[in-house]
Structure formats: C-alpha cells, structure tokens
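With the hints as extra help, turn the sequences into a complete structure.
Sequence order for the protein chains is A and B.
Counting from 1, position 43 in the first sequence corresponds to residue 43 in the working numbering; the numbering is continuous, with no gaps.
Counting from 1, position 148 in the second sequence corresponds to residue 148 in the working numbering; the numbering is continuous, with no gaps.
A few of these clues could be false.
Reference excerpt, derived from the structure (chain B facing chain A, CB under 8 angstroms, subset only) [to be verified]:
1) Leu146
2) Leu177
3) Leu322
Listed next, the stretches of chain A that the computed footprint assigns to chain B, with coverage defined by at least 3 CB atoms under 8 angstroms from CB atoms of chain B [what the hints assert, rightly or not]:
4) 48-55
5) 80-94
Don't read these hints as lab results, they were simulated from the structure.
Just so you know, even glycine gets a beta-carbon here, dropped at the ideal spot from N, CA and C.
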Amino acid sequence: MTGFFLSQIEGLDPLTSGEVLVAQNVFFALIALVMILAALRMVTTENIVHAALYLVIVLAGAAGMFILLGAEFVAVTQILVYIGAIIVLFLFGIMLTKGSFGTEEGEFRERNQMAVLVGVLIVAVTSGSFIDSFRDAELNREAPSTTAEIGDTIFGQFIIPFEAISVLLLAALIGSVVIARRDL
Amino acid sequence: MTIFNLAIELAYWQQTIIRSVLGLVAVLLPAGTLVYLYLFKMMSFMQSRLGPMEAGPYGSLQLLAEVGKFLQKEDLFPRTADRVVFKAAPFVVLASTFLLVLVLPAGPDAWFINIDTGVFFALAVSSISVIGILMAGWGSSSKYSLIGGLRAAGQLVAYELPLVLALMGVVIQAGTLNVQEIVLAQANGEIFGWGGIGNPFLITQFLGFMIFLVAVQAELTQPPFDMPVAESEIVTGYLTEYTGMRFLLFFIGEFATAGIFSALAATFFLGGWYIPGLDPTDNLFNLIGPLVLVGKMLLVSFLIFWFRFTYPRFREDQLQQLAWKVLVPLSLVNIVATGVLKVVF
Chain A
1 MTGFFLSQIE
11 GLDPLTSGEV
21 LVAQNVFFAL
31 IALVMILAAL
41 RMVTTENIVH
51 AALYLVIVLA
61 GAAGMFILLG
71 AEFVAVTQIL
81 VYIGAIIVLF
91 LFGIMLTKGS
101 FGTEEGEFRE
111 RNQMAVLVGV
121 LIVAVTSGSF
131 IDSFRDAELN
141 REAPSTTAEI
151 GDTIFGQFII
161 PFEAISVLLL
171 AALIGSVVIA
181 RRDL
Chain B
1 MTIFNLAIEL
11 AYWQQTIIRS
21 VLGLVAVLLP
31 AGTLVYLYLF
41 KMMSFMQSRL
51 GPMEAGPYGS
61 LQLLAEVGKF
71 LQKEDLFPRT
81 ADRVVFKAAP
91 FVVLASTFLL
101 VLVLPAGPDA
111 WFINIDTGVF
121 FALAVSSISV
131 IGILMAGWGS
141 SSKYSLIGGL
151 RAAGQLVAYE
161 LPLVLALMGV
171 VIQAGTLNVQ
181 EIVLAQANGE
191 IFGWGGIGNP
201 FLITQFLGFM
211 IFLVAVQAEL
221 TQPPFDMPVA
231 ESEIVTGYLT
241 EYTGMRFLLF
251 FIGEFATAGI
261 FSALAATFFL
271 GGWYIPGLDP
281 TDNLFNLIGP
291 LVLVGKMLLV
301 SFLIFWFRFT
311 YPRFREDQLQ
321 QLAWKVLVPL
331 SLVNIVATGV
341 LKVVF
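Structure below.
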C-alpha cells in the first residue's frame, strides 16, 4: 500500500489538473491557517505551558503536511519524536521547575527585540537557502518514498553519517549526565 | 478499499462514515466488555463476592446505570483551574486511543488504514496520551494532580522504551512494519517445515511478549504500576479534580486502551484475526476475523487484569528500576538474538 494517504485524495495533482479546490489544497489551506494562528499565539501568550501546547498544534500541523505530501514515515517520525518526546520533555521541565500555576506577566517582555531579530534572521536564511537550492526541482508525485526504501537508503548510502550521528548522540547523553551529576 | 468485500462499490464519503461508526464501536465495545466482564465480575469472584447483581439479569445493565450516574453529575471546576487545558485533557487522551485502533486489521480486507508504517504509527500515537495526562495534572492546579501527572508522565516515558523495543523482535522476524503483513507472516509461517498452525510469534518471541505485557500494564497505569493514581498518597493523582462526564472520558480511555493494547498484543504475537485450518485469503475471514480478534483480545486482557487484581503496588524507585535496569536490557538482548537468528536461518 504505497502512499496510502496520497491515493485517498482524489484529483491528486493540483499542478496538472489545473483545479484549485482539490481536497489536497483545501486541507493544505486549513492546516496552514491553524498552524499560523497557533504559531502566533505560541509567541504572544503569557503562559509558558500554553506556549508549549500551542507548539503541539504547530508540530501536529507539520505532520499533517507531510501526510498530504505522501511522506507517511516522516509524518509518523514527526509525531513520535517531537510531540511524543520533545514536547513531553518541555512540559516536564516546566512543571518540575515552575513554582506556581497560572500566568506570569512580563516574563518574556525584556527579550522581545532580540527574539524578533533572531526570528527574522532564521526565516530569511532558511527560506533563502531553500528557494536557492530547490528552485526548479519538483516533488516526485508518482512514487512517494516507502519505509523500506528509507531503511535501505539510511543503512546503505548514508550508513557512515548515520553511525556518526549515533556516536554524537551518545556523547551528548554522557555529557548531560556528567554535567547534571557533579559527584561523579 | 471496501471494509467487507461487498459487491457494491461505496463512495469515499460512504466508506468514511462506515469507518467512523466502526471505529467508535471498536473503541467502546472492548471498553464496556472489559469493565463488565473483568472489573465487575472477575474481580468480584476473585474476592469471593458476587459483584453487581441488581441492574438487569446478572448485573448486565450495571454499565448503563454507571454511565447514567456519571452523566447526571455536576460539571465542577477547581476555582484556580486552567479551564481550557482542564477541559481539553480528556479529549487528548481519548484521541490517542481512537488513533491507536486504526492500525488494527480484523480480516484480509477488513481494516481502517493499511499503511507501511503500521507498527511505528501505533507506537507514535500511543505516546500522545502523555501530553493529555500532563495537561490534566497541570490544568487542575492541585498539588495531588500535579504530582500524579508528573509520576504518570515519568512512568509512561520509561515504559515506552521496552514497549517499542519488545516489538522490534516481531518486526525483524516478520520483515515488515505493516501490521497486516505481520499477521500474514504468522499465518503463512512454518515451524521447522510444519505449517499446521502457521508460526505465531508467541513461540519465537516469548520474551518479547512478556516484556510487551509488562510494559502495557505500566502504560495503562494499572496495578501493580498504579503509582500515579496511588489513592493512599495522592488521592487519584491527575484524576483527582475530575468529576462526572470528564472523569467518565478518562475511564473509558483507560479501558479502551487496555482492550486495544491487548488486541495489538494478540495481533503481533498470537496471529491476529487468523485461525489455523483456513486459507488466510479466504473471504470468510472478513466475517469471522473480527470475532477471532476479539476472542484473542479477551484472552490477553484476561492476563492483564489477572495481574491487576492480584499484585500489590510497586514503589516509585522499584518501578523505574524495573524499566531501565531489567526490561530495556532484556529487550535489547532479544533484538540482538532475533537479528542473529534471522541472519543464520
């Protein structure tokens, strides 16, 4: 069942069919709208737990986008790694260290200008590099990559970078334990 | 793409409606069955009492009475609660349950979604419930809830690892992440050339099955792993402030997840909807497959509830040690052994 999600959406290719209101575009617009609103609320909310929960919506939207593009494996990885692990870690950290419930006003006000600057820079650099490198490239809509292909690529072509990343992660893990436990 | 091999071609929206209704049934029916059969009756018999007997013959309508009772209760909020987070929490937990049921195949053509990443998808969506539990613990703005929520999250994160690793043995042996193909691999398998009963992975992956069951028990925060809701210390943990309908949602979520995890264990280790003696492509399986799956699910969940009713509670440090120092190393050994044997044979 290659690309199951993609095949579910009729009038598949919005580029060649010339229609705007195909299901894929409608869902793209809906998800994008929700993601933008949630992202705006995430940076404007005064409540840090709410900010983390808005981030969940943004990340879930990104997973939805991957499904629309037929990349199931990436979508599921997005859910498992970002929502299931990283956000849980965020919430865990906030709840263990924060003294009180509810909002803390003015907590973020001081660093506002720096945050805006960093945000604008990140958008400029990433969008610039993406547009530059994928200028004429088109997504291969006929053959969405299957899980087996991804596995073959990672453990064939990219085996050395993969192993290097594993070692790097292990080093980070040991380093964090050493920093956290000063008695070692 | 039809649910049962019907002669009529159904439109996409008709299929979607049928899938939605069947999804609801697949979540609520196991939950109700498990509560009545095991929580009401089996637990009572184990404790030498009869259990509910008044509502309906043999107390069979007790469930309806309970639901009616919960629906009548007032919808209470703690004064300082974070209302939106408090309200949304049970739905996040239920959403995880509903997504989990999607990967279960109940026959050669009877499935909700049949994706390449099936096992991976199941493990990913089961981890969403942690967020719901943390939301409940924090949104209640009560210290019992917060401690319970943190304990639950710590426990769920710790036992997710053995849960994932225990299934890797099955995935290696079947050679696929697709749940349907894992069932077929067991149906078409052979034990040293004898294909009489297929090759249920329970035999070769017995260690994985045991690790999976223990991890499931912990994921459900059921005794002996019920530290997050330990009533003698922290009332009922993250559920403390919930009443009426919202408590009922958490309750349904817990038992539905117990049912679905049992069905997953039955699918991965006991051959799922397949029973020996028939051809796995037989159209008959679209009809009897769901019943076979429910039967195997009841068998596995019997084990889960048996443990629940008979063992005392773990201490918090014992609980974490069991996960990190026993189950994770054991499942890693299992993966290495399975990998080596897969290459050798």
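### Query
Looking back at the numbered hints, which does the structure fail to meet, lowest number first?
When the structure is compared with the hints, only number 3 turns out to be violated.
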